Amino acid sequence: VQLQASGGGPVQAGGSLRLSCAASGSIFSFNFMGWYRQAPGKQRELVASITSGGSTNYADSVKGRFTISRDFAKNTVYLQMNSLKPADTAVYYCNAEYPALATILSSWGQGTQVTVSS
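Residue numbers for the sequence shown follow this note's numbering, so the first one is 1 and each next one is one higher.
Possibly wrong hints are sitting among the right ones.
[To be verified] For lysine-lysine, the following DSBU-like pairs were computed, each having C-alpha atoms within a straight-line distance of at most 30 Å:
| hint | residue 1 | residue 2 |
| --- | --- | --- |
| 1 | Lys85 | Lys42 |
| 2 | Lys42 | Lys63 |
| 3 | Lys63 | Lys74 |
| 4 | Lys85 | Lys63 |
What the hints contain is simulated information worked out from the structure, not anything from laboratory work. Remember, predicted model here, so these are calculated numbers, not experimental data.
Construct the complete structure from the given sequences, taking the supplied hints into account.
See the structure below:
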């Protein structure tokens with residue numbers, strides 16, 4: 001499965017962006033899809049995730065501002081980011097874990113840059 005992330009760009013503090021992660025195949029059977037981010041000099045961190053059952057989880061730093069959702073018809077997961085802060089500046093990556101070949105595989109998108117200016 002290939003993942004294509006898009007939707008990043010420059011935005012002013014307080015603004016919004018919606019990131020998209022389009023999968024090359026059906027996401028219906030995916031165990032997990034998540035958005036991670038990595039700022040310069042920092043480790044990659046999990047920002048938001050959604051399980052096959054629809055359970056969502058968020059990093060404390062984005063709770064109440066970010067929302068993860070999915071569209072099975074479009075095989076796409078979204079990250080709606082509101083009230084953006086300069087601290088949200090990072091490269092955002094999508095990740096998916098899915099069953100294949102009697103095991104669980106993991107795929108990453110190529111990353112999309114989000115830059116929030118004050």
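Hints, verified against the model:
Restraint check: the Cα-Cα separation between Lys85 and Lys42 comes to about 17 Å, which is no more than 30 Å; the hinted pair holds. The straight-line distance between the Cα atoms of Lys42 and Lys63 is roughly 20 Å, inside the 30 Å bound, and the hint therefore holds. With a C-alpha separation of about 26 Å, the suggested pair Lys63 and Lys74 falls inside the 30 Å cut-off, and the hint holds. This hinted pair checks out: Lys85 and Lys63 have alpha carbons roughly 13 Å apart, not beyond 30 Å.
No hint from the list above goes unmet by this structure.
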